[in-house]
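Enquirer: Chain by chain, the residues run as shown.
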Amino acid sequence: MITYELMLLLRTMPKPELHGVLKRIATAIFDKGGVIRKLDNLGHKDMPYKTSSHGVVYNKASYFLYEFTVPPSSIDTLLDEYGRDVDIIRRRIYKKNEENKFKCTLDEELQPPPYRKEVQEMIAKARRLDKPKFSYNNGMDYYPFQK
Amino acid sequence: MNFLVRNSNLRSFIGAGYPIKYIQGICNTSTSSSTTDPDAPDFDMENPFEKEKQQCVLCKHNIEVDYKNVRLLSQFQSPYTGRIYSRNITGLCKRQQQLVEREIKKAQVAALMPTYFKQPSYLKDPQLFDIEKPLRPHRF
Ligand SMILES: [Zn+2]
Numbered sequence: 604m605i606t607y608e609l610m611l612l613l614r615t616m617p618k619p620e621l622h623g624v625l626k627r628i629a630t631a632i633f634d635k636g637g638v639i640r641k642l643d644n645l646g647h648k649d650m651p652y653k654t655s656s657h658g659v660v661y662n663k664a665s666y667f668l669y670e671f672t673v674p675p676s677s678i679d680t681l682l683d684e685y686g687r688d689v690d691i692i693r694r695r696i697y698k699k700n701e702e703n704k705f706k707c708t709l710d711e712e713l714q715p716p717p718y719r720k721e722v723q724e725m726i727a728k729a730r731r732l733d734k735p736k737f738s739y740n741n742g743m744d745y746y747p748f749q750k
Numbered sequence: 054m055n056f057l058v059r060n061s062n063l064r065s066f067i068g069a070g071y072p073i074k075y076i077q078g079i080c081n082t083s084t085s086s087s088t089t090d091p092d093a094p095d096f097d098m099e100n101p102f103e104k105e106k107q108q109c110v111l112c113k114h115n116i117e118v119d120y121k122n123v124r125l126l127s128q129f130q131s132p133y134t135g136r137i138y139s140r141n142i143t144g145l146c147k148r149q150q151q152l153v154e155r156e157i158k159k160a161q162v163a164a165l166m167p168t169y170f171k172q173p174s175y176l177k178d179p180q181l182f183d184i185e186k187p188l189r190p191h192r193f
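Respectively, the protein sequence lines represent chains A and B. All residue numbers for the first sequence refer to the numbering used here, where the first residue is 604 and numbers rise by one. All residue numbers for the second sequence refer to the numbering used here, where the first residue is 54 and numbers rise by one.
Treat each hint with caution, since some may be false.
[What the hints assert, rightly or not] Residues from chain A that keep clear of chain B, each with C-beta distances beyond 12 Å, as calculated:
(1) I605
(2) G623
(3) K635
(4) G636
(5) L642
(6) T708
(7) N741
(8) G742
[Unchecked claim] Covered by chain A, according to a simulated footprint, are these stretches of chain B (three or more residues, beta-carbon under 8 Å):
(9) 101-109
(10) 119-132
(11) 137-147
(12) 162-173
[To be verified] Straight-line alpha carbon distances no greater than 27 Å define the calculated DSS-like cross-link-like pairs of lysine-lysine that follow:
(13) B:K113 to B:K147
(14) A:K653 to B:K158
(15) A:K663 to A:K698
(16) A:K663 to B:K186
(17) B:K159 to A:K706
(18) A:K728 to B:K186
(19) A:K699 to B:K186
(20) B:K113 to A:K699
(21) A:K704 to B:K147
(22) B:K186 to A:K720
(23) B:K113 to B:K158
(24) A:K626 to A:K641
(25) A:K698 to B:K147
(26) A:K641 to B:K159
(27) A:K750 to A:K736
(28) B:K106 to B:K159
Honestly, the hints are just simulated from the structure, not real lab data. Just so we're clear, the structure is a prediction, and the values are computed from it rather than from any experiment. The beta carbon of each residue, even a glycine, is placed where N, CA and C say it ideally should be.
Starting from the given sequences, assemble the full structure and let the hints guide the process.
Expert: Right, dumping it as structure tokens:
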């Protein structure tokens with residue numbers, strides 16, 4: 604089960620109208636057989652850049668965040684549906700971040716180059732391209748090639 | 054009793070200038086191998102002078118990077134050009150830097166974060182790193 608996050612930017616409108624739009628967006632998710640896990644209002648604020656959509660330029664938007672689960676195949680249809688909605692300025696669907704567990708490798712990265720594993724591997728890889736060299740201490744008492 | 058006295062003497066004798074780990078190591082050996090030679094040094098002990106492992110800011114404080122946390126992400130952005138600072142300036146480990154860059158880009162396309170400048174309200178936020186002192190020199 605993948606949880607998605609829908610970042611929505613809606614145009615400025617009165618509350619009852621906004622209520623209708625949010626409901627419409629939610630029903631689109633329910634129609635795909637999805638479940639809404641969370642709905643956040645991130646406030647009405649200035650956008651960092653102006654955006655034009657459906658022929659109108661917007662400088663302000665109300666931000667909403669839906670957290671939901673739908674079958675992955677219906678994500679494209681959802682995006683398409685929201686793209687045709689005139690009340691939506693911008694919409695992005697991201698996968699929800701999972702808690703990632705990893706160890707900090709900063710200490711190894713700060714080592715001088717010859718001590719770094721990455722560099723050592725790179726040097727070993729380059730050495731493999733070297734031409735084979737004749738070694739003299741191989742038991743033969745003569746040089747088998749032309750000098 | 055005698056043994057205890059000797060042990061404390063040893064501690065005071067070695068005294069300052071050595072890391073505590075080292076002194077403990079010496080004292081431990083005298084307790085463990087007391088059957089043979091109490092003063093024999095333990096050559097198998099770990100390096101007492103080894104430095105503590107460095108960690109980047111985000112790993113140290115165990116901070117989850119998220120695209121909705123614009124205030125945190127904007128600290129890795131240049132106030133002049135909006136450019137994402139690279140690893141030699143931010144001092145993050147490889148994985149964290151990757152995550153930060155990915156989340157900043159996600160925030161920028163979702164219109165949460167500006168691309169060509171830093172949000173003016175965050176301009177006076179404390180600096181996580183010194184821009185003028187990169188870990189490695191760069192061409193800018
Ligand atoms: Zn790290």
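Enquirer: Does each hint fit the structure? Answer for all of them.
Expert: Comparing the hints with the structure gives:
Every C-beta of chain B lies more than 12 Å from that of I605 (chain A), the closest at about 16 Å, which supports listing it as non-interface. G623 (chain A), annotated as away from the interface, keeps every beta carbon of chain B farther than 12 Å; the closest lies near 23 Å. Look at K635 (chain A): its CB is around 21 Å from the nearest CB on chain B, clear of 12 Å, so calling it non-interface holds up. With a least CB separation of 25 Å from chain B, G636 (chain A) remains clear of the 12 Å interface cut-off, as annotated.
Under the 12 Å C-beta cut-off, the non-interface status given to L642 (chain A) relative to chain B holds; the minimum distance is some 14 Å. For T708 (chain A), the requirement that its beta carbon stay farther than 12 Å from each beta carbon of chain B is not met, with the minimum near 5 Å. No beta-carbon of chain B is positioned within 12 Å of the beta-carbon of N741 (chain A); the least distance is around 40 Å. The claim that G742 (chain A) is not at the interface with chain B holds, since no C-beta of that chain comes within 12 Å of its own (minimum 41 Å).
Coverage of the stretch 101-109 of chain B by chain A holds [criterion: at least 3 residues with CB-CB distance below 8 Å; count 4]. Figure legend: the stretch 119-132 of chain B, annotated as covered by chain A; annotation consistent (3 residues with Cβ-Cβ distances under 8 Å, at least 3 required). Coverage of the stretch 137-147 of chain B by chain A holds [criterion: at least 3 residues with CB-CB distance below 8 Å; count 4]. For the stretch 162-173 of chain B, the stated coverage by chain A holds: 8 residues have a C-beta nearer than 8 Å to a C-beta of that chain, and at least 3 were required.
Taking the CA atoms of K113 (chain B) and K147 (chain B), the gap is near 14 Å; set against the 27 Å cutoff, the hint holds. Only pairs whose Cα atoms come within 27 Å are accepted, and K653 (chain A) paired with K158 (chain B) is accepted, the gap being roughly 17 Å. Taking the CA atoms of K663 (chain A) and K698 (chain A), the gap is near 26 Å; set against the 27 Å cutoff, the hint holds. Restraint check for K663 (chain A) and K186 (chain B): the C-alpha separation of about 38 Å exceeds 27 Å, so the hint is violated.
Restraint check for K159 (chain B) and K706 (chain A): the C-alpha separation of about 24 Å stays at or below 27 Å, so the hint holds. Taking the CA atoms of K728 (chain A) and K186 (chain B), the gap is near 33 Å; set against the 27 Å cutoff, the hint is violated. About 35 Å separates the Cα atoms of K699 (chain A) and K186 (chain B), which puts this hinted pair outside 27 Å; it is violated. Using a Cα cut-off of 27 Å, the hinted pair K113 (chain B) and K699 (chain A) holds, with the two alpha carbons roughly 23 Å apart.
In summary, the hint linking K704 (chain A) to K147 (chain B) is supported, as the alpha carbons are separated by about 14 Å, within the 27 Å threshold. Note on K186 (chain B) and K720 (chain A): the hinted pairing holds, with a Cα-Cα distance of about 25 Å set against a maximum of 27 Å. Our distance criterion of 27 Å between C-alpha atoms is met by K113 (chain B) and K158 (chain B), whose separation comes to about 24 Å. With a CA separation close to 14 Å, the supplied pair K626 (chain A) and K641 (chain A) stays within the 27 Å bound.
Proximity of K698 (chain A) to K147 (chain B) is assessed by CA-CA distance (about 22 Å); at most 27 Å being required, the pair is judged to hold. For the hint pairing K641 (chain A) with K159 (chain B), the CA-to-CA distance comes to about 20 Å; that is within 27 Å, so the pair holds. Distance hint between K750 (chain A) and K736 (chain A) is fulfilled; the C-alpha atoms sit about 14 Å from each other, no more than 27 Å. As the CA atoms of K106 (chain B) and K159 (chain B) are separated by approximately 32 Å, the hinted pair breaks the 27 Å bound.
The earlier numbered hints that this structure contradicts are 6, 16, 18, 19 and 28.
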